[in-house]
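Colleague: Residue numbers (the numbering used here), protein chains in the order written: chain A, 1 to 423; chain H, 424 to 846.
Since the hints were made in silico from the structure, they are not lab data. Each hint should be verified, as a subset may be incorrect.
What the hints assert, rightly or not - Reference listing, derived: stretches of chain H covered by chain A, where coverage requires no fewer than 3 residues with Cβ under 8 Å from a Cβ of chain A:
hint: 1; stretch: 755-765
hint: 2; stretch: 825-835
Said to hold, decoys possible - Pulled a few chain H residues facing chain A out of the computed Cβ check, cut under 10 Å:
hint: 3; residue: PHE489
hint: 4; residue: ASN492
hint: 5; residue: LEU650
hint: 6; residue: ASP665
hint: 7; residue: GLY681
hint: 8; residue: THR683
hint: 9; residue: GLY716
hint: 10; residue: ALA750
hint: 11; residue: ASN841
hint: 12; residue: GLY842
Claimed, not checked - Distance windows between CB atoms, simulated:
hint: 13; chain 1: A; residue 1: ASN370; chain 2: H; residue 2: GLU541; range: 30 to 40 Å
hint: 14; chain 1: H; residue 1: GLU541; chain 2: A; residue 2: GLY346; range: 38 to 48 Å
hint: 15; chain 1: A; residue 1: LYS380; chain 2: H; residue 2: GLY509; range: 34 to 44 Å
hint: 16; chain 1: H; residue 1: ALA798; chain 2: A; residue 2: LYS270; range: 45 to 55 Å
hint: 17; chain 1: A; residue 1: ASP184; chain 2: H; residue 2: GLY769; range: 38 to 48 Å
hint: 18; chain 1: H; residue 1: GLY769; chain 2: A; residue 2: LYS416; range: 26 to 36 Å
hint: 19; chain 1: H; residue 1: ALA534; chain 2: A; residue 2: PHE376; range: 17 to 27 Å
Backbone N, C-alpha and C define an ideal beta-carbon position, used for all residues, glycine too.
Protein chains: 2
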Amino acid sequence: MNNYTFIDGSVTAPMGFTANGVCAGVKAATNATQAVAANEPLLPKSGKRDLAIIYCERPCTAAAIFTKNAVKSDTIYVTQEHLQNGVAQAVIVNSGNANACNPDGMDKANAMCRLAAEALQLDENNIIVASTGVIGQALPIEPIAKGVDALKDILSKDGGTNAAEAIMTTDTVKKEWAVQLTLDGKTVTIGGIAKGSGMIHINMGTTLSFVTTDAAISSEMLRAALLEAADVSYNMVSVDGDMSTNDTLAIMASGMAGNTPIITQNEDYKAFVAALTAAFKNVAKKLASDGEGATKLVIAKVNGAKDNLTAKTIAKSVICSSLVKAAMFGADANCGRILCAIGYSGAEVNVKAIDVSYRSSKGEIMVCQNGCGLAFDEDKAKEILLEKEIDILITLGDGNAYAEAYGCDLTYDYVKINGDYRT
Amino acid sequence: MNNYTFIDGSVTAPMGFTANGVCAGVKAATNATQAVAANEPLLPKSGKRDLAIIYCERPCTAAAIFTKNAVKSDTIYVTQEHLQNGVAQAVIVNSGNANACNPDGMDKANAMCRLAAEALQLDENNIIVASTGVIGQALPIEPIAKGVDALKDILSKDGGTNAAEAIMTTDTVKKEWAVQLTLDGKTVTIGGIAKGSGMIHINMGTTLSFVTTDAAISSEMLRAALLEAADVSYNMVSVDGDMSTNDTLAIMASGMAGNTPIITQNEDYKAFVAALTAAFKNVAKKLASDGEGATKLVIAKVNGAKDNLTAKTIAKSVICSSLVKAAMFGADANCGRILCAIGYSGAEVNVKAIDVSYRSSKGEIMVCQNGCGLAFDEDKAKEILLEKEIDILITLGDGNAYAEAYGCDLTYDYVKINGDYRT
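Chain A extracted, bound-state conformation (with noise of 0.2 Å):
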């Protein structure tokens, strides 16, 4: 069935993309009273990287979504107005900085994409920009210029692993990745980055996402592919229920594969769509069992609901929930406050047919049938649960539907990180 493989790569896999990232001191500058230090190094010896650009020899077509926050970065308006005709030929991102709530955001913005128009010699409607950092403090525009200016000597196929380093925030792993699929007789490379790793919430593509792909298919088709993709991978996943204001997921195809143009949704744009939706399922996974402070990656699985919205409304309650996060950390095979959880999903349920069961690498084992508590293995239970990938399987009596959210534990870690995030 699915005709896609996953390769080693990252956003400069597929044909016609180059990328790199480097060290600008953003976040030094944002966090200077006075910006920019004069000889803020460009390579990561002193720093982390903060600057990247992903760049295509020509023009893609291109589409992306955003945040459903009401309060957003300037840098999704200026984007937005950009992906009006469908096109567009580099990324420019920071991090260290979100650039949102600053009262010249929009200035700041514009100016990203015209730094990269005129480095890339572009036309700076072409530009997708985005930010992520430190909320509410203005964006140092001199860093980014002297950053720009060495990242277009330096772009390359080799480079996607650094842009990916320099979108990461509170990150502790890159996110990349790359898969091939034939279409059309012909190989189609797709490709991407993302970051996460804290505000993070079920709702539109959660955190910065950059995709590539070489494949020819049109700026709506990638659209309904990133809607349809995201839709049960990104949308399915949380760390802390927290929806950031710079939530961007954008993508840019160069054509370059040859395959005929997908301009409706044929087979194969479905086969497209496979290969996004896989990659972006263990990009969700790569993102929760990163967040911020996790040690374990935890996956609901609702099974037997009666329809795909109950599945996936239970599957987001229980992931979401505070104290079952803690109960994972704690390796404590509670079944309370699963039930607690589904049951104030807003989910109708019929309550007296829950099964729920925690599986890991070590076992598996049924703490709760038929809405009541089971007496079980405590022991047993623990060894499952202190695993670093758990499963809670939820099982309801109602119908056939499925559907899987992507949560971590909460830990004393987050706590720390996020107690003091701007220092």
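Given the structure of chain A, go ahead and fit chain H onto it with the hints provided.
Modeller: Below, chain H alone, put in the same frame as chain A:
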């Protein structure tokens, strides 16, 4: 305007009421494989009080409101049935076991009522029953039988405070209060006890709370008063966003104050509600500041909203944000997280008109003006946020509506307490 006065006292302050609490050994028996240590002491030398009775010497008008969680303790169904006629004469309540998600939950809830009815020589239908504690483990009835037997002989005016202690779970302080007002020339007293302190979320009379009064007032007016007072107090508290399966807020009125019975929403009703509301708001603050692991009380105060619903929605969203809560723990005057939480609240709001300040006994500092972050004195902000009671002041430019919501910080101890609640 307000003619009420807080006095020392508890649920036994109003005329007609006695109470007490003992250590029946419910929790120990819940955790033991074989229930009930035969010689479990009934005074708390070796454990916590976990069983209480509140009794009135005459039948009372009564009302209650309950959790909206679809997964409910069977105690709630039993109490709902018993209150259909608007009459009650006693409350029996245990901590240590929630009697929720158990196959025999209904039998046990009825058994508790029967035990209390027999001991107090009342009609079983006049008993309000409630439980709190671990979900999904069988409620041991023998310790409750022994506890009731002990309680029936020690119900007293002084026993209210023991009852308050007996309903505590992870609470670190007892919640009890009494307030007096003059109605119709008569002194009317209202008293109450409540418990926190986790699985507390905005929706209905969070947690267990029992209220008594000697006012003469119909059960319909009691119910209306509960809903009205809870709406701006219990319904505006969040500790962790998890809504309990057992929430019960019940009130009994003995009528012994001799005021003209309140049977419509007249001036006396309004005075009664004002006193009840003031008391509930105090409890709400106590619940929040004694939230699991909490080190400080945080109150989100929203001014200038276009209507009450908008003000409430925003206040709740801010107080529920894990990132805001963690920032309060770290005394970090982050404005981005406040704006972010306003943005995803779902409320319609003019982002460019939002001001945000932090206030405590050490002063006040503005961190956001017109939707944009401000530069501010970090040392001063730290000093303000290191206090034990913090106001987050949010001013919208959209109207005159006001709301406040009560919460706490998110701390290492929350994670610790909930990482292994059952042991």
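Colleague: Please go over all the hints and tell whether each is borne out by the structure.
Modeller: For each hint, the structure was consulted:
Coverage of a stretch by a chain is defined here by at least three residues with a beta carbon nearer than 8 Å to that chain's beta carbons; for the stretch 755-765 of chain H and chain A the count is 9, and the condition holds. With 3 residues bearing a CB less than 8 Å from a CB of chain A, the stretch 825-835 of chain H meets the requirement of three and the coverage assertion stands. With its C-beta approaching chain A no nearer than about 12 Å, PHE489/H sits outside the 10 Å limit, and its interface hint is violated. The beta carbon of ASN492/H is positioned within 10 Å of a beta carbon in chain A (closest approach about 4 Å), and the interface hint is therefore held.
The interface hint given for LEU650/H is violated, since its Cβ lies 19 Å from the closest Cβ of chain A, which is over the 10 Å cut-off. With a least beta-carbon distance of about 5 Å to chain A, the hint placing ASP665/H at the interface is held under the 10 Å criterion. Violation of the interface hint for GLY681/H is found here, the shortest Cβ-Cβ separation to chain A being roughly 42 Å, above the 10 Å cut-off. Against a cut-off of 10 Å between C-beta atoms, the interface hint on THR683/H is violated, since the closest Cβ of chain A lies about 41 Å away.
Given hint, GLY716/H at the interface with chain A, holds; its Cβ is 9 Å from that chain's nearest Cβ, closer than 10 Å. Proximity of ALA750/H to chain A holds as hinted, the smallest CB-CB distance being about 6 Å (cut-off 10 Å). The beta carbon of ASN841/H comes within 3 Å of a beta carbon in chain A, closer than 10 Å, and the hint placing it at the interface holds. Checking GLY842/H against chain A: minimum C-beta separation of about 3 Å stays under 10 Å; hint holds.
Distance hint for ASN370/A and GLU541/H: a CB-CB separation of about 32 Å, consistent with the stated range 30 to 40 Å. With their beta carbons about 40 Å apart, GLU541/H and GLY346/A fall inside the hinted range of 38 to 48 Å. Between LYS380/A and GLY509/H the beta carbons are some 49 Å apart, a value that contradicts the proposed interval 34 to 44 Å. For the pair ALA798/H and LYS270/A, the supplied restraint of 45 to 55 Å holds, since their beta-carbon distance comes to about 52 Å.
A hinted range of 38 to 48 Å for the beta carbons of ASP184/A and GLY769/H is consistent with their spacing of about 44 Å. Against the hinted window of 26 to 36 Å, the Cβ-Cβ separation of GLY769/H and LYS416/A comes to about 30 Å, which satisfies the hint. In this structure the supplied range 17 to 27 Å holds for ALA534/H paired with PHE376/A, their Cβ-Cβ distance being about 25 Å.
In summary, the numbered hints that this structure violates are 3, 5, 7, 8, 15.
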